[in-house]
Amino acid sequence: MTNFFDDVFADIADGDEDLRDLLQHLSNILPDAAVVIYSDRGTVIGDPLPQFSTEMLDGCREQADCTTVKSLCQLPTGEWLNGIRVDEHQALFFIVAEGQKTTLSEVPQLATLYHNSIKLALLQKIHEEAVIENEQLGRRIEVVSSKHTQLLDDNHRQFLLIREKEKEYAKKLESEIARQTKVLRKTNARLEEASRLKSEFLANMSHELRTPLNAIIGFIGLLSETELTVEQAEFADTIKKASSSLLVLINDILDLAKIEAGKLELYVDSFNLDGLAKNAEEMFRSQALEKNNTLKYRIDPSLPSHLIGDENRLRQILINLVGNALKFTSKGEVAIEVDKIDDTEEDVRLRFSVKDTGIGIPKERQKAIFDKFTQADGSTTRKYGGTGLGLAITNQLVSLMGGKIGIESIEGKGSTFSFIICLKKSEAQKETLPVDSGVESESTGVSERTEAEDGRTEKKAVETGLKILVVEDNLVNQRLVSIMLKKAGCSSDVAGDGVKALEKLKANQYDFVLMDVQMPNMDGHAATRKIREIESSEEKESFRSLVGRSKPLYIVGLTAHARKEDELQCYEAGMDHYLTKPIVKEKLMQVIEDMRRQKA
Amino acid sequence: MPSAQSLVNKFNDLKTLPHVAIRVTQMAGSDSTTMQDFEEVIKLDPILVVRLLRLVNSPYFGLNNQVDSIAKAVVFIGMKHLRNLVAVEGLRNLFKDENDGVQFPRKNIWIHSATVAILAQMISRRIFGEDGEDVFLAGIIHDIGLIVEDQLVNKDLVQVFQGYSNGSQIISDIEDEVIGTNHSKIGRLLAAQWKLPDDVIDAIRFHHRQDKSYPIPSVISILQLAEFMAGKLNYGVVTGRCDPLPHYLTAHLKSKMADYKVLLKAFPEEMSKAKEMYESDDGH
Numbered sequence: 001m002t003n004f005f006d007d008v009f010a011d012i013a014d015g016d017e018d019l020r021d022l023l024q025h026l027s028n029i030l031p032d033a034a035v036v037i038y039s040d041r042g043t044v045i046g047d048p049l050p051q052f053s054t055e056m057l058d059g060c061r062e063q064a065d066c067t068t069v070k071s072l073c074q075l076p077t078g079e080w081l082n083g084i085r086v087d088e089h090q091a092l093f094f095i096v097a098e099g100q101k102t103t104l105s106e107v108p109q110l111a112t113l114y115h116n117s118i119k120l121a122l123l124q125k126i127h128e129e130a131v132i133e134n135e136q137l138g139r140r141i142e143v144v145s146s147k148h149t150q151l152l153d154d155n156h157r158q159f160l161l162i163r164e165k166e167k168e169y170a171k172k173l174e175s176e177i178a179r180q181t182k183v184l185r186k187t188n189a190r191l192e193e194a195s196r197l198k199s200e201f202l203a204n205m206s207h208e209l210r211t212p213l214n215a216i217i218g219f220i221g222l223l224s225e226t227e228l229t230v231e232q233a234e235f236a237d238t239i240k241k242a243s244s245s246l247l248v249l250i251n252d253i254l255d256l257a258k259i260e261a262g263k264l265e266l267y268v269d270s271f272n273l274d275g276l277a278k279n280a281e282e283m284f285r286s287q288a289l290e291k292n293n294t295l296k297y298r299i300d301p302s303l304p305s306h307l308i309g310d311e312n313r314l315r316q317i318l319i320n321l322v323g324n325a326l327k328f329t330s331k332g333e334v335a336i337e338v339d340k341i342d343d344t345e346e347d348v349r350l351r352f353s354v355k356d357t358g359i360g361i362p363k364e365r366q367k368a369i370f371d372k373f374t375q376a377d378g379s380t381t382r383k384y385g386g387t388g389l390g391l392a393i394t395n396q397l398v399s400l401m402g403g404k405i406g407i408e409s410i411e412g413k414g415s416t417f418s419f420i421i422c423l424k425k426s427e428a429q430k431e432t433l434p435v436d437s438g439v440e441s442e443s444t445g446v447s448e449r450t451e452a453e454d455g456r457t458e459k460k461a462v463e464t465g466l467k468i469l470v471v472e473d474n475l476v477n478q479r480l481v482s483i484m485l486k487k488a489g490c491s492s493d494v495a496g497d498g499v500k501a502l503e504k505l506k507a508n509q510y511d512f513v514l515m516d517v518q519m520p521n522m523d524g525h526a527a528t529r530k531i532r533e534i535e536s537s538e539e540k541e542s543f544r545s546l547v548g549r550s551k552p553l554y555i556v557g558l559t560a561h562a563r564k565e566d567e568l569q570c571y572e573a574g575m576d577h578y579l580t581k582p583i584v585k586e587k588l589m590q591v592i593e594d595m596r597r598q599k600a
Numbered sequence: 001m002p003s004a005q006s007l008v009n010k011f012n013d014l015k016t017l018p019h020v021a022i023r024v025t026q027m028a029g030s031d032s033t034t035m036q037d038f039e040e041v042i043k044l045d046p047i048l049v050v051r052l053l054r055l056v057n058s059p060y061f062g063l064n065n066q067v068d069s070i071a072k073a074v075v076f077i078g079m080k081h082l083r084n085l086v087a088v089e090g091l092r093n094l095f096k097d098e099n100d101g102v103q104f105p106r107k108n109i110w111i112h113s114a115t116v117a118i119l120a121q122m123i124s125r126r127i128f129g130e131d132g133e134d135v136f137l138a139g140i141i142h143d144i145g146l147i148v149e150d151q152l153v154n155k156d157l158v159q160v161f162q163g164y165s166n167g168s169q170i171i172s173d174i175e176d177e178v179i180g181t182n183h184s185k186i187g188r189l190l191a192a193q194w195k196l197p198d199d200v201i202d203a204i205r206f207h208h209r210q211d212k213s214y215p216i217p218s219v220i221s222i223l224q225l226a227e228f229m230a231g232k233l234n235y236g237v238v239t240g241r242c243d244p245l246p247h248y249l250t251a252h253l254k255s256k257m258a259d260y261k262v263l264l265k266a267f268p269e270e271m272s273k274a275k276e277m278y279e280s281d282d283g284h
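Read top to bottom, the protein sequences are chains V and U.
For the first sequence, counting from 1, position 58 maps to 58 in the working numbering; every step adds exactly one.
For the second sequence, counting from 1, position 225 maps to 225 in the working numbering; every step adds exactly one.
These aren't lab readings, by the way, just hints derived from the structure by calculation.
Note that the Cβ used here is the ideal one computed from N, Cα and C, for glycine as well.
Keep in mind that a hint or two might mislead.
[Stated by the list, open to error] Just a few of them, taken from the derived set where beta-carbon distance is under 8 Å, the chain V residues facing chain U: (1) 50; (2) 52; (3) 150; (4) 234.
[What the hints assert, rightly or not] Just a few of them, taken from the derived set where beta-carbon distance is under 10 Å, the chain U residues facing chain V: (5) 128; (6) 198; (7) 202; (8) 258.
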């Protein structure tokens, strides 16, 4: 073990460090004696003995004992030299006491004293090392304990850090969620906008489609009234039917687009419930007969005769349901039923149902038929026709009224479509509208209406003497209206826009004006306002049509839309009346008749 | 002649250094590192994870609890201690003989480094009552420059060793002459690159300096003491040759002779414990 030390300390130490320590200890224990150590390597620790020859040292070495201190030889001074060999340190330890002239064997107490002294010195040396070792172990323990504390501190620090990080992470997560939500909202808004634009486009498109279609329907009507060969009449009839069903389809698409764009609003007013049902029944009477179906309607007698709701839309729902029922029924029965569920003082809840004894709808298809462009089965379209839009619109309209359409159906036995809505009771029972007032609705079956017109005989045009200004930008429509007016016995002039209309009014005298709303340069509203402005100023003197009238000039607006807001806008601009396009002959005749009577 | 920096750059390009070990040594120096960060980095080297857990669970540490994750190991033995284990693991492979030590046994350097590290840590703990983790790291890493030289200028290094074995010059002086730089300079650059503690970097940089005094205790003074003792105990870089003790340390050694005697008595046991720990893990 010690050789490690010697290796390391070879350059620094002489190897006698331990012996020096021992000498120090021994000198302290025996202050009155002279102590000296002779190592085997030949070094002397302590004051060398005087007159001590090598021979004497060798002699002592031989005599010296490892176990006891012995008197080895007498020094020239007369004192005895006592010594012991300490193998552990490879050295001879000598003790000389002043005045000791006898050998130790004669003074055993002294021998014991020296022996114990050397033993003590050796033990003190060992003790010293043990103390150092102890110190080092103490330091180790200190290190461990400080490391322990440090670990605790460090772990605590990490704990705090981790907690902080977790908080940060949570925060990050939150802000990330917020960010994503924002992005999603934006995207959502964009998509909604895109969808709205799409619907708007569709609505515009439908409008654009309707304009020429109106012309087709109008002119085919006029054509039918001319003298035609049987074949020509048949062709004209086909064109009329085809264009009418196209108009229905376009109206459906327009409705759906409006609903999806959130633009469809209900216009509630008082209406006659019986009139509504009867109207629907009458509309389909001939169609029902064609397929040998009975069509009937029944209204719960406990229901009030007048309610407040959007009559046009309700009619549209019934027409769709009845049309649908008839489409899939032959030699059977279709019934419209309206029942009261319950009522309060103000409201009444009622169930509308349309029952048929047709082919029925398989259960698994019942949900899908309210989807757009879906029918009970793909082949239905080929067999029965239709776009599949009707029920989707119906469903949406019912939802808009706060109801939910339900269906009960047994395959081969028939189907019942029903919905429950809540309507307000009407206080004042208004005058029932004419049965055919449905034509005002954009979506009421035009085909049925036109068919109804079929049977009518052409009335001979009676000269009314009325002169009318038609303000219309579309050339085809200009012509159509002019012809209609001519047939009604009126003469007319045409102006392409509001500016030209004012010129005409200045130059000529007219009995009333048919004013299109949508026009370039100056639209119908602006033109009407201008006319009203002129009427209330001195300027009117220079307008032949305006001067010298007891009443303001009668202006009838022409709009493609039948919305309440369009109507209101017309009145706000100062118009007296308005008609929707395509112009319904009867309505126009009504206006002409009114004006004729007024003039008379 | 290449500069220390150019050698370090080349060495970096070789990517021989264990990436994970470097990251871990960097992280251990930061106050913002947590056991989770440690775990995440060490996890990149699954073999290292297994070895570390085996080491930490060896009798050497005498832990009562089974340590089954790196995070737990950090909790029980501390980040710096774990860093040292990772450094030992990383460097041990690096010090393995590539050409089976035909001309230059890397294993000698490894044993020398491990001995210096253990002695340095003992001195730090027993004489100065410090934890000795950084001192250990300095010990294990102080001769990394020799590995770089072996890798890149092997022939020159062989010449250096011949000159060193047969002469009395300090090794870095011979390196300067033959190679143009020395392993202390290279080691210092690498240590700085790994963001080791400043006193560890300085210790690596100056561990062969004879003419300057450093405070006692300090990483460098303890490293120099350990380097000297290792050489004396025949664990030098080259067997049988050892540089003299820098002068300023002689007085210290003399005054603490009894202390060092006790320390050296305990040294064989410490060595065998360390050996046992790694050998039990190596399975040979």
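Against the structure, the hints:
no. : hint : verdict
1   : 50   : violated (31 Å)
2   : 52   : violated (30 Å)
3   : 150  : holds (7 Å)
4   : 234  : violated (86 Å)
5   : 128  : holds (8 Å)
6   : 198  : violated (20 Å)
7   : 202  : violated (23 Å)
8   : 258  : holds (5 Å)
Figure legend: structure checked against the earlier numbered hints; hints not met, in rising order: 1, 2, 4, 6, 7.
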